[in-house]
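Trainee: The residues making up each chain are set out below.
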Amino acid sequence: MLFNSLQFIIFFPIVVIVYFIIPKKVRYIWLLISSYYFYMSWNAMYALLLFASTFITYIGALFIDIAQKDSIKKTVMILGCVLNLSILFVYKYAEYTLSLISKLLSNLNISAEVPAFSVLLPVGISFYTLQALGYLIDVYRKDIAVEKNFLKYALFVSFFPQLVAGPIERSGNLLKQLDGNTVFEFDRAREGFFLMLWGYFLKVVLADRIAIYVDKVYSDTNMYGGYYLIIAALLFSIQVYCDFGGYSTIAMGASMILGIKLMDNFNAPFLADSVSSLWRGWHISLTSWFRDYVYIPLGGSRKGKIRKYINIMIIFLTSGLWHGANLTFAIWGGLNGIYEVVGEVLKPVKEKAAKALGINGNNIGNRLVKMVITYSLFSFAAIFFRANSLTVALDVIKSIFTCYNPWILFDGSLYTLGLDSKNFNLMLMCIGLLIFADIQKKKGIKIREVLARQDYWCRIAVMVASICFILMFGIWGSGYDSAGFIYFQF
Amino acid sequence: MNKNMSVNLKRILSVLVFLIILFFALRKCTMLLEQKSSRIKYTDFIEGDTEYDCYLMGTSIMLNSVLPMELWKDYGISSYNFGSSNCTPAEDYYILKEAVRYKKPKLVVIDLMGVKEFNDIGNGKYMWTAVEAQHTQFDIFPFTDTKVEAVEDLFDIYEDRNDFLWSFIMFHNRWNELEEQDFNYRNMLNVEKGALTNLGSFGKASESVIMDDIEVDLAGVNYDYFIKIVEFCEKQHIEVLGLYLPHPVEELNVRVANSLEKVAQKYDNLEYVNMLNMDIHDLYTDYTIDNLHPNMSGALKSTAYVGKYINENYDLADHREDPSWLLAEKKYLDFKRENLIKQEELEDYLVQLSDDDFTAKAVVYDERIINDKWLMRLFDNADIKPVFNEEKGSADIELEIRDETSGTVLENVSFVYEGRRLVNDELFLGYKEVKKEQEEQEKAH
Chain X
49 MLFNSLQFII
59 FFPIVVIVYF
69 IIPKKVRYIW
79 LLISSYYFYM
89 SWNAMYALLL
99 FASTFITYIG
109 ALFIDIAQKD
119 SIKKTVMILG
129 CVLNLSILFV
139 YKYAEYTLSL
149 ISKLLSNLNI
159 SAEVPAFSVL
169 LPVGISFYTL
179 QALGYLIDVY
189 RKDIAVEKNF
199 LKYALFVSFF
209 PQLVAGPIER
219 SGNLLKQLDG
229 NTVFEFDRAR
239 EGFFLMLWGY
249 FLKVVLADRI
259 AIYVDKVYSD
269 TNMYGGYYLI
279 IAALLFSIQV
289 YCDFGGYSTI
299 AMGASMILGI
309 KLMDNFNAPF
319 LADSVSSLWR
329 GWHISLTSWF
339 RDYVYIPLGG
349 SRKGKIRKYI
359 NIMIIFLTSG
369 LWHGANLTFA
379 IWGGLNGIYE
389 VVGEVLKPVK
399 EKAAKALGIN
409 GNNIGNRLVK
419 MVITYSLFSF
429 AAIFFRANSL
439 TVALDVIKSI
449 FTCYNPWILF
459 DGSLYTLGLD
469 SKNFNLMLMC
479 IGLLIFADIQ
489 KKKGIKIREV
499 LARQDYWCRI
509 AVMVASICFI
519 LMFGIWGSGY
529 DSAGFIYFQF
Chain E
50 MNKNMSVNLK
60 RILSVLVFLI
70 ILFFALRKCT
80 MLLEQKSSRI
90 KYTDFIEGDT
100 EYDCYLMGTS
110 IMLNSVLPME
120 LWKDYGISSY
130 NFGSSNCTPA
140 EDYYILKEAV
150 RYKKPKLVVI
160 DLMGVKEFND
170 IGNGKYMWTA
180 VEAQHTQFDI
190 FPFTDTKVEA
200 VEDLFDIYED
210 RNDFLWSFIM
220 FHNRWNELEE
230 QDFNYRNMLN
240 VEKGALTNLG
250 SFGKASESVI
260 MDDIEVDLAG
270 VNYDYFIKIV
280 EFCEKQHIEV
290 LGLYLPHPVE
300 ELNVRVANSL
310 EKVAQKYDNL
320 EYVNMLNMDI
330 HDLYTDYTID
340 NLHPNMSGAL
350 KSTAYVGKYI
360 NENYDLADHR
370 EDPSWLLAEK
380 KYLDFKRENL
390 IKQEELEDYL
400 VQLSDDDFTA
410 KAVVYDERII
420 NDKWLMRLFD
430 NADIKPVFNE
440 EKGSADIELE
450 IRDETSGTVL
460 ENVSFVYEGR
470 RLVNDELFLG
480 YKEVKKEQEE
490 QEKAH
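Keeping their order, the protein sequence lines are chains X and E.
At position 368 of the first sequence the residue is numbered 416 (my numbering), and the sequence of numbers has no breaks.
At position 352 of the second sequence the residue is numbered 401 (my numbering), and the sequence of numbers has no breaks.
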C-alpha cells in the first residue's frame with residue numbers, strides 16, 4: 049500500500065478515527081493490527097520475516113535484561129544481531145554473494161556448481177532490521193529499559209508510517225510514544241496534514257515528474273550523452289531527495305496526526321556548503337544510526353586522525369552496501385567517504401589559503417559557490433547510485449566528459465524526453481519552491497507554523513489550493529505506473 | 050455552552066467548510082480539465098427544456114447520417130442524436146437508461162451496425178478502445194447507480210472504471226493542453242442536437258459487396274444488449290426502430306443486416322428497416338474522405354428517408370411550431386452558413402449546397418468543367434445548373450450563393466479549375482490525386 053494510492057487515502061483516515069475513538073489502553077493493539085495489514089498488503093508471507101525479526105530482538109532484549117553476567121548479555125546481544133542480520137543477508141545479499149563466488153571460481157578455473165538463489169526483497173527489511181537492532185543494542189547499553197509488552201514492542205518495529213522506508217526510529221524516542229495516551233489535538237492534526245501535503249507535493253509533483261526525464265535518459269545512455277546526462281545527473285539528486293524526503297515527510301505528518309513525533313530525516317541537504325554538512329542533513333536517521341551504533345563503537349574520532357578517516361570510510365562503505373548488494377552502491381558510498389575524508393584533510397589548507405587571499409568564506413557568493421560544488425560532487429557520486437551496473441555508470445561518466453552538446457540546452461531538445469516545455473518549466477518552478485522552503489527551514493522558520501497563525505479562511509484556502517495543485521500537477525492516474533518510492537527497494 | 054464546546058464546534062464547522070470548499074474546488078477542476086466533447090454534445094439535452102419524442106442511437110454512422118434539425122424542419126420530429134464513434138449496443142443500453150432518467154422518448158431509433166461488429170474487441174469486455182469517444186458518451190452523466198452499473202459492466206480494468214466514475218483521474222494532466230473551449234465550452238455547444246455533419250467530398254466511395262440473402266448467427270454479447278434495449282423499451286412503453294443505415298459495407302454487414310429481419314418479428318415494439326439495398330446514397334457525392342461516413346449530402350438523404358418512414362409509421366407530434374426548436378433553428382442556420390463559407394474547394398461547396406436551405410447560380414468559363422463528369426454530378430446533386438460563358442473570366446467558375454431562409458446573397462465565390470482526370474466512366478479522381486500523379490510523372494521524367 050503506497051502512500052500515494054487510493055487504498056492509503058481510505059486506510060489512513062479509518063486508522064486515525066478508530067485510534068482516537070477506542071480506549072487508550074488498546075490503541076497500540078489497533079495500530080499494530082493496522083501496521084501488519086499495511087505491510088501485508090504488499091506480500092502477506094513477508095510479514096513472517098517482520099515477525100521473526102521482532103521476536104528475535106524481543107527475546108534477546110529480555111535475556112539481556114535478566115542475565116546477570118555481562119558476558120552473557122554480550123553474547124545474547126551479538127547472537128541477536130547475527131540472527132537478525134542473517135535474515136537481512138539471506139534476502140538482500142545472498143544472491144549477489146553467490147554470484148560473486150561463482151564468478152570467482154570460474155575465474156580460477158575451478159569447476160563447482162554454486163546454487164542459484166533468487167528471492168524478492170521484502171519491502172522495508174533494511175529499515176526494520178536496523179530499527180530492531182538499535183533497540184537490542186540500546187537495551188544492552190542500558191540506554192533504555194526493556195519493553196516487556198510484546199505487542200507494544202511489535203508495534204515499535206512495525207509502526208506503519210515509517211515501516212517500509214523509515215525514518216529509522218530509536219527506541220528511546222518511539223517506544224514511549226506508543227502508549228496511546230495522546231488525545232486528539234486539532235492543531236497538531238492540522239500541522240500533520242500540512243506536512244503530508246508537502247510530502248505529497250515532493251513525491252507526486254516533483255520526484256515523479258523529474259523521474260520521467262531521468263528514466264528516459266538512463267534508458268539509452270548511448271543516445272542521450274553529454275549534457276543530457278549532466279542534466280539527468282543533477283536532476284537525479286533532487287529526484288531522490290524529493291522521493292525519499294517526500295516519503296519521510298508524509299510519514300512524519302501521518303504520525304503527527306496520531307500524536308506520535310518521528311525524527312526529521314532531511315534538513316535542507318542541498319543548501320550545505322560541504323559534503324560533511326550535506327550528510328548531516330541527508331537521511332539523518334540512517335547516518336545517525338551508523339554514527340551511534342558503528343562509528344562511535346569503532347572509536348569515532350577519539351583514536352587519532354588516521355583511525356577517524358578509516359572509520360569514516362567504513363561507515364560510508366557500509367552505508368553504501370546497506371542500500372543494495374551491488375558494487376555501484378559500494379562505490380557510491382566510498383566516493384562520499386572520500387569526499388568527506390579529503391574535505392577533512394584539506395580543511396586547514398583551505399582555511400590558510402582563504403586567509404592568505406583575503407576571502408571570507410561566509411560571504412553569500414562564496415557560500416553559493418561551495419553549495420554548487422558540494423551539490424555537483426554529490427550528484428556525480430549519485431551516478432553510481434542510479435546506474436544499473438558499473439559498466440553503465442562508467443559509460444555515463446565517460447559520455448559526460450567526452451560528448452560535447454551544450455546546444456541541447458537551447459534548441460528545445462530537452463523537451464523531447466517525456467517532459468514538454470510546460471512540464472519542464474513547471475518542474476523548474478517547483479524546484480524553486482523547494483529551495484525557498486529549504487531556505488526557510490535552514491533559517492528555523494516552519495512554514496506550516498506560519499500558516500497555523502493565519503486566520504482560518506486563509507488556512508482553508510491554502511489547504512484547498514494545495515490539494516488541487518497536487519492533484520492537477522501530480523504525476524498519477526491512468527498510464528502512470530506508481531511503482532513506488534525509490535527507497536522501497538532498500 | 051462552555052468554552053471547550055464552543056471551540057470544538059468551531060473546529061468541526063471549519064472542517065466542514067474545508068470539505069465543502071474542497072468538493073466544489075475539485076468539481077471545478079474536474080470540469081475545467083475534462084475533455085469537453087461530452088458537455089458540448091449533451092449539455093443541450095440535459096439542461097434544455099425541449100421534449101424529445103425520438104432518440105437516435107448507435108455508431109458514428111448514426112451520428113453522421115441522421116440530422117435531428119433536418120428531421121424537425123421537414124417532418125416536425127423532435128429528436129436527439131446519441132450516436133458516437135464505435136458505440137456498441139452495450140454502451141447504447143446504458144446511455145439510453147441514463148437518458149431516460151432525464152426525458153422519456155416515444156421512439157428509439159437505433160443503428161444496428163454494432164450488433165455483430167464489436168464483440169471480443171478492445172480492452173473492455175464489450176468496448177472498443179476508443180476511450181475518448183467513450184468519455185464523450187459518459188462523462189456528463191452524474192455519479193448515479195446507473196453509471197456505476199454501466200462502468201462495472203462495461204469495463205474489466207479497475208483503473209478504467211475509476212477513470213469513468215471520476216474523469217479527473219484521466220484528465221488531470223490536461224492542464225498543459227487547455228484551450229479556449231475548456232474555459233468557454235458553452236459558446237461551442239453542439240447545435241445539431243447531438244449529430245455531427247461531416248464536411249467535404251471524396252470522389253467515389255467503395256462499392257459494397259454484392260447483396261445476397263444469406264444470414265448469419267447474431268449471437269454475441271452486443272446482440273444480447275440490443276435485445277436488452279428492446280426489452281427495456283418494452284417495459285417503458287417505448288417503440289424501437291432498428292436501422293441498418295446505408296454506407297460502404299462488407300459481406301458480414303450484409304448478412305447481419307439480412308438476419309435482423311427475423312429478430313424484428315419476435316418483438317411487438319420492434320420494427321426493422323434494412324436501408325443497405327435501397328440505393329439511397331450516390332457513391333460519387335455522398336461520402337467523406339474516410340470512404341465510410343456520409344457527408345452532408347448523404348446525411349440529408351438518409352435523414353429524409355428516416356423522417357418519412359417515422360412519419361408514416363409512428364404517431365409522433367409535430368414540433369415545427371415549438372418555440373425551443375425555433376430558437377435552436379437560428380443557431381443551426383448560422384452553423385450551416387459558417388460550414389458553407391469556410392469551405393475552400395469547389396467540390397466541398399457543392400456538397401454543402403445539396404442542402405435546400407441554400408441555392409446557387411453557377412457561371413462556368415472553362416469548357417473542361419462542363420466535361421468533368423464528377424463535377425457535373427455534384428452540380429446535379431446540389432440541383433444547380435451551371436451556365437457556360439465563352440468569354441474568359443477572371444476565374445474558371447463563379448458561384449453566387451443564396452441563403453433561402455433569409456432571401457439574401459450569402460457569398461460570391463470563384464474558383465480556378467485545377468484539372469481532373471477521368472480514368473473511366475466509373476472512377477473519378479480528385480484534382481489532388483491528379484496533381485500527385487502529375488508530380489510523380491514529372492519526377493520520373
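Wrong hints could be hidden among the right ones.
Below, simulated DSS-like cross-link-like pairs (lysine-lysine); rule was C-alpha separation at most 27 Å, straight line [as the list claims (entries may be wrong)]: (1) K59(E) <-> K494(X); (2) K73(X) <-> K122(X); (3) K224(X) <-> K72(X); (4) K357(E) <-> K380(E); (5) K59(E) <-> K72(X); (6) K77(E) <-> K122(E); (7) K434(E) <-> K122(E); (8) K400(X) <-> K356(X); (9) K284(E) <-> K311(E); (10) K72(X) <-> K52(E); (11) K155(E) <-> K52(E); (12) K77(E) <-> K470(X).
Hints listed in this document are in silico derivations from the structure and should not be mistaken for laboratory results.
Trainee: Now look at each hint and say whether the structure bears it out.
Mentor: Hints, verified against the model:
With a CA separation close to 25 Å, the supplied pair K59(E) and K494(X) stays within the 27 Å bound. Annotation: proposed proximity of K73(X) to K122(X) is violated, straight-line Cα distance about 34 Å (limit 27 Å). Between K224(X) and K72(X) the alpha-carbon distance is near 14 Å, which keeps this suggested pair within the 27 Å criterion. A hinted pair counts as satisfied when its Cα atoms are at most 27 Å apart, and K357(E) with K380(E) qualifies at roughly 25 Å.
Restraint check for K59(E) and K72(X): the C-alpha separation of about 25 Å stays at or below 27 Å, so the hint holds. Pair hint K77(E) plus K122(E) does not hold up; C-alpha atoms about 37 Å apart against a cutoff of 27 Å. For the hint linking K434(E) to K122(E), the alpha-carbon distance of about 26 Å falls within 27 Å, and the restraint holds. Taking the CA atoms of K400(X) and K356(X), the gap is about 23 Å. The hint holds against a cut of 27 Å.
For the given pair, K284(E) sits about 21 Å from K311(E) by alpha-carbon distance, which is consistent with the 27 Å threshold. Taking the CA atoms of K72(X) and K52(E), the gap is about 25 Å. The hint holds against a cut of 27 Å. A C-alpha spacing of about 63 Å is found between K155(E) and K52(E), which places the hinted pair above 27 Å, so the restraint is violated. Restraint check for K77(E) and K470(X): satisfied, since their Cα atoms lie roughly 22 Å apart, inside the 27 Å limit.
The structure does not agree with the numbered hints 2, 6 and 11 stated previously, though it agrees with the rest.
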